[in-house]
Amino acid sequence: MKQNVNDANAVWEAFLARWPLERLYSLTLEEYSRVKGEKAEADSFTYWIDTKTDGLGSIGRGSSFKFGIYHRSDNEEKIQAKGRIYGDEYGWRERYGKTPVEAFKKVHDEVVKVAKAARAGQLDVVEDALLAPAFKWKIAFLYQDRKNPTIVPIFKIEVLRALADEKDKKYPDLYLRLLQERDNEDLVSYGQKLWRKALGERLKTEDALMFLKERFSLIKEPVQYMAGFKTEAGRQLGLVLRGATVSIFMEPGNWDALAPGASVRESYAKNQPRISSLKANAPKLWVEFPAQKIDVPSMAVLSLLCDAYDSDASDMGISEEQTMSEMKASAVNSYPSPNKILYGPPGTGKTYSTAKLAVEICDGHADMAREDLMARYEELRRDGRVCFVTFHQSYGYEDFVEGLRPELRDGQVSYRVRPGVFREICDAARLNTLIKPGLSGKPLKDRAVYKMSLGVAGTTEGQEVFQECIEKGYVLLGWGENVDFSECGTDEAIRKKITDDRPDIDRPESQARYIRVFKSELQIGDIIVVSQGNRSFRAIGEVTGNYEFLEAPVAGSFHQMRPVRWLAVLDANRAVDEIYDRNFVQSSLYRLDEDGLKLHVLDELLRRHKSVAQPYVLVVDEINRANLSKVFGELITLLEPDKREGSPNCLTVKLPYSGDEFRVPANLYVVGTMNTADRSIALLDTALRRRFEFEELQPDYAALSSERVEGVVDLRALLRAMNERIEYLYDRDHTIGHAYFVTVKTLADLERVFRRKVIPLLQEYFYEDWSKVRLVLNDEGEFITSNTEVPKGLERLADGHDVKPRYGVKAEAFSADAYLNIYQ
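Under full-length UniProt numbering, read the sequence shown as residues 1 to 824, first letter to last.
All clues given are correct.
Straight-line C-alpha distance at most 20 Å; calculated EDC-like pairs for lysine to aspartate or glutamate:
1. K105 with E30
2. K167 with E201
3. K451 with E604
4. K197 with E695
5. K52 with E30
6. K204 with D363
Pair ranges (Cβ atoms, derived):
7. R732 with R708: 25 to 33 Å
8. D7 with E378: 32 to 40 Å
9. T637 with S394: 18 to 26 Å
10. N254 with S394: 41 to 49 Å
11. N271 with A448: 21 to 29 Å
12. R796 with Y767: 27 to 35 Å
13. R84 with S486: 45 to 53 Å
Keep in mind the hints are simulated off the structure, nothing from the lab.
Idealized CB from N, CA, C, for every residue including glycine.
Given these sequences and hints, build the entire structure.
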């Protein structure tokens, strides 16, 4: 549900414009669920509900049977089972009818009924509708009366129950309960807040067991340590019943990406030992099969994980490739933005919100007491994973990125390049090696290790060749160009093939030698180290197949191919001396000298598993007070997610002082704060605005106690009344935040806040225009005194002239009636 609130509301408007309620009456089956070839028709009703409006709440990526009836993307014959019917063109639930026409009529009637009931606020009718729960409640959400909402954008009952702390309530009661806490907050924004809370709610094993029992079929009665389940698609999963963290065994997959918040604790290859109780409870995850053990922190994450695991791509109405692509895209959208600015008036909790966001980014959740959260924030700051800096008018590039600093040594002044705060945290955050599951089979000492260049280092073509090889799982050689050497068994045959087919090729003897090594000498199981220049390497692979000729490679003239399994793909180049005691030589392909190889280092590198880079957070307070073009310089472009390290469009710049090449790591998050009373967001540097996501923090009246101070003053009504007047007299950027009042318990506390915070702030806002200050306070002398008496000795100056009033804050204690007069 991670989408800009304004963008999400715009999508809602677009949906209602495309599918208004009255349009549903004439909805056809083809419009309801239509597929053209292998691509889902982006304008069908179900595609809008499931995908286009995903930012308004997800209904999960499970089987397309959730729509009642769907258009199949394949004609593969399926066994009719479990209440499902597969026709040549459509699949549908048996309960809706025996034919597609009959089934759609029933589904269509239910869809119209749900939409009409939602618009009228009749949630009991929606509850009784014969459609899949998440699907019908998503429809109800979209068609509800937006001025009087009754549904929040969360459609999984287990998540709603966790949020409401109600285990047996139904949807209508849960929505009513959650909306009681909404106050006047935008519905989408409130839904996102609830979802973030759901992600942070710690999952208990007994709740996970109850959820899985309701969702899937038990394979057998649970034993002491394990409960095994089976999905409709036949996949098995095993819930570990003992342990501090909820853990689930599953088939291998990209589950941590498809269910953000889940983490792969361990991956098991076939025949690798694992917990013995799997054998009886989830036999398809026992040692005869590969498996993964996934840690699940919250009910919201468990729901996402099960949606992904329960999906059957052939039942999704779209191709498996597209399904996985969209699911990954949706998962990526659930992560916090790498560049974010929290902006709002004073006292809206920006500082606390940055601390909470930093903890959430680093730990995956921040659902804890304020004191515990701030303690965790300080711990992360001491560990170097969170860095805090405040911008000001004289802050510059040399402070932020790098600059020359004088040093006095032996009475002599010298200048050294010193990294700034941004470069320091980038260096700390930079991703380590991304290692895929390591070597299996024979030990490294029994394999030959080759150095190979993939294209010319530092060129566009070289990068294209490297990228193609990494994505496709092979290495390419440019020698021999478009000549196919598949039938050539000797050096002489290779040379003859070159001269016969391409007499224009230079140095045929030299090219023949490289091709012989690539085609014949290089054995399956040998290791290839991909160089980047002569002093570093950037990838390591294991040869897995024999020579092949590519007719039409993506990378131009590189036709000679050997399949490889990439064991290590580096986000930052590693020095060659880590694994080899000399520099590489400028040769496309050759075997490394065994005496120079540091086999123990290379072996340790290749036998590691993929390491997860820890997130790092740079908090920039008052980001709008500095000259941002001056501070960021050329690095402003590198902040974009697709320009960061590891992305296909990664950019590198050469820093002006040190001359070092520099990239921004993907695991660095930049969080800024901006006080709108100092400077409007409209005045912010345009280049920065394009690269940051903005989240507005307005006064949160619900954060204040609903109990009256000493039984008299309603803080919520008091603050709301003042802010309405400020917005009318000035603007919404200068309203007063709730944070000033959160600690108020007594009338004495309230007076202290008014004397030291509120009234001085109003003086500053209105440039000593006391008449406006009094209007905001609805003051009749209870707070502000006005004196028109002429001081002794100045009578002649005042004679015949208007006397200028002199204002001041009342010295006596403010009365309770004074506060009541502000809002009554």
